[in-house]
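Q: Here the protein sequences come in this chain order: H and C. Offset between the first sequence (1-based) and our numbering: plus 4. Offset between the second sequence (1-based) and our numbering: plus 4.
Just to be clear, a hint being listed does not mean it is correct.
No copy labels: a pair is met if it fits in one copy or bridges any two.
Each computed DSBU-like pair below joins lysine-lysine, with the alpha-carbon atoms no more than 30 Å apart [unchecked claim]:
1. Lys106 - Lys79
2. Lys133 - Lys145
3. Lys79 - Lys145
4. Lys133 - Lys71
5. Lys106 - Lys133
6. Lys158 - Lys145
7. Lys79 - Lys158
8. Lys106 - Lys211
9. Lys145 - Lys160
Hints were generated in silico from the structure; no laboratory data involved.
So you can see what is in the structure, the chains are spelled out below.
2 protein chains.
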Amino acid sequence: MEKEISQAVIRRMPRYYRYLGELLDDGVERISSNDLSNRMCVTASQIRQDLNNFGGFGQQGYGYNVKYLHDEIGKILGLDQTHNIIVIGAGNLGQALANYVKFERLGFRIIALFDVNPALQGMTVRGIKVHMLDELDDFCKENQVDIAALTMPKEKASITASHLVDLGIHAIWNFAHVDLELSQQDVVVENVHLSDSLMQLSYNIVKNQKQK
Amino acid sequence: MEKEISQAVIRRMPRYYRYLGELLDDGVERISSNDLSNRMCVTASQIRQDLNNFGGFGQQGYGYNVKYLHDEIGKILGLDQTHNIIVIGAGNLGQALANYVKFERLGFRIIALFDVNPALQGMTVRGIKVHMLDELDDFCKENQVDIAALTMPKEKASITASHLVDLGIHAIWNFAHVDLELSQQDVVVENVHLSDSLMQLSYNIVKNQKQK
Chain H
5 MEKEISQAVI RRMPRYYRYL GELLDDGVER ISSNDLSNRM CVTASQIRQD LNNFGGFGQQ
65 GYGYNVKYLH DEIGKILGLD QTHNIIVIGA GNLGQALANY VKFERLGFRI IALFDVNPAL
125 QGMTVRGIKV HMLDELDDFC KENQVDIAAL TMPKEKASIT ASHLVDLGIH AIWNFAHVDL
185 ELSQQDVVVE NVHLSDSLMQ LSYNIVKNQK QK
Chain C
5 MEKEISQAVI RRMPRYYRYL GELLDDGVER ISSNDLSNRM CVTASQIRQD LNNFGGFGQQ
65 GYGYNVKYLH DEIGKILGLD QTHNIIVIGA GNLGQALANY VKFERLGFRI IALFDVNPAL
125 QGMTVRGIKV HMLDELDDFC KENQVDIAAL TMPKEKASIT ASHLVDLGIH AIWNFAHVDL
185 ELSQQDVVVE NVHLSDSLMQ LSYNIVKNQK QK
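Chain H with its partners taken away, still in its complex shape:
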């Protein structure tokens, strides 16, 4: 088994991937650890430490090869695979996710939305069909589903998540306002709590007020 890498490091990897992608788009072929550090506003030593978790990718006196590092980090993040996503909850947030073309470019393909609201039946979002929730079981049998995004009220989130796991979906991207805790060891959950991020913002607003 590989060495356990801290979630703090993992949280920073998508940001590296994003910055390296922008460098690639700008036609930059290599970058020194100092230049990357300035651009990303983290210390060069932090970058070296983070990347050393995966074996390190720099060469003394050369820096980093942008394309190589971008591709390697992409592999670490599983972006060399395609992930099929279904979205449970076809309200504004579910539709917003379906409309993000950016996800598709990263290999995340939203293949269906589900809702209980009959008014949404037959609707499509960017060509992606909204199904009724009672079609979920059949859909999951007939299609490869890798990730379920939950954009539904918190009251139903836990029970829906358990049902999805029973259907064989082992990755949950949870937007409901509750920490999903699933007992199965091989299920991964990523919680996105928008109000938590709003509270962090207001903490920093108050801190600023105090410093004035």
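Since the structure of chain H is already known, use the hints to place chain C on it.
A: Quick look at chain C alone, frame taken from chain H:
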């Protein structure tokens, strides 16, 4: 000036607030540090350390008074103030934010949406009006705006953020796919990168596959 508290601690505070709120709803008046620890799946020592940053709130042999701790953390997070929010970008995501009643209960009041799309002019979302972007300057002069949420394409995000800062808005909640870096010291930015969280999820998917 107060001791600088790490952002890692700040990131955990909204979660404490959320769990304590649930305990309050359940009628729980006090809780031992061990019970809170079990419920939140963090160690009791982590809880004590986190809360000690703010002076600590527990009593040996008593545990925590749920309402008191909830209120105190609320104050730390600035939830004893009302924050007026405008949303720039009235697409699905902007509308999803406007529809979250939860934010209002925390003191975050969305007072207007803005967009450049004339088709949205005059529309309302949960009674909140969509304005055209050219009305932004006047609106900010006539209304107290504390936070601007950016739910617009990344190409326009940086220039819009700078303009908002010029209009006196010192807190940005950024959903655009770019790290906003504003030079003004008294501006706070909270970035929500949905694709970063999706990449963390896929990292954990791949890690699980390897362990099988």
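Q: With reference to the structure, classify each hint as holding or not holding.
A: Now for the hints, and whether the structure bears them out:
1. Lys106 - Lys79: Cα proximity of Lys106 and Lys79: one copy only (18 Å, versus 37 Å across).
2. Lys133 - Lys145: within (17 Å within a copy, 43 Å between copies)
3. Lys79 - Lys145: Within one copy only: 28 Å inside a chain, 49 Å across chains, cut-off 30 Å.
4. Lys133 - Lys71: neither (36 Å within a copy, 45 Å between copies)
5. Lys106 - Lys133: both (19 Å within a copy, 28 Å between copies)
6. Lys158 - Lys145: Within one copy, since 26 Å is at most 30 Å while 37 Å is not.
7. Lys79 - Lys158: So Lys79 and Lys158 pass the 30 Å test across copies only (25 Å; inside, 33 Å).
8. Lys106 - Lys211: Intra 34 Å, inter 23 Å, cutoff 30 Å: inter-copy only.
9. Lys145 - Lys160: For Lys145 and Lys160, only the intra-copy Cα distance (22 Å) is at most 30 Å; the inter-copy one is 42 Å.
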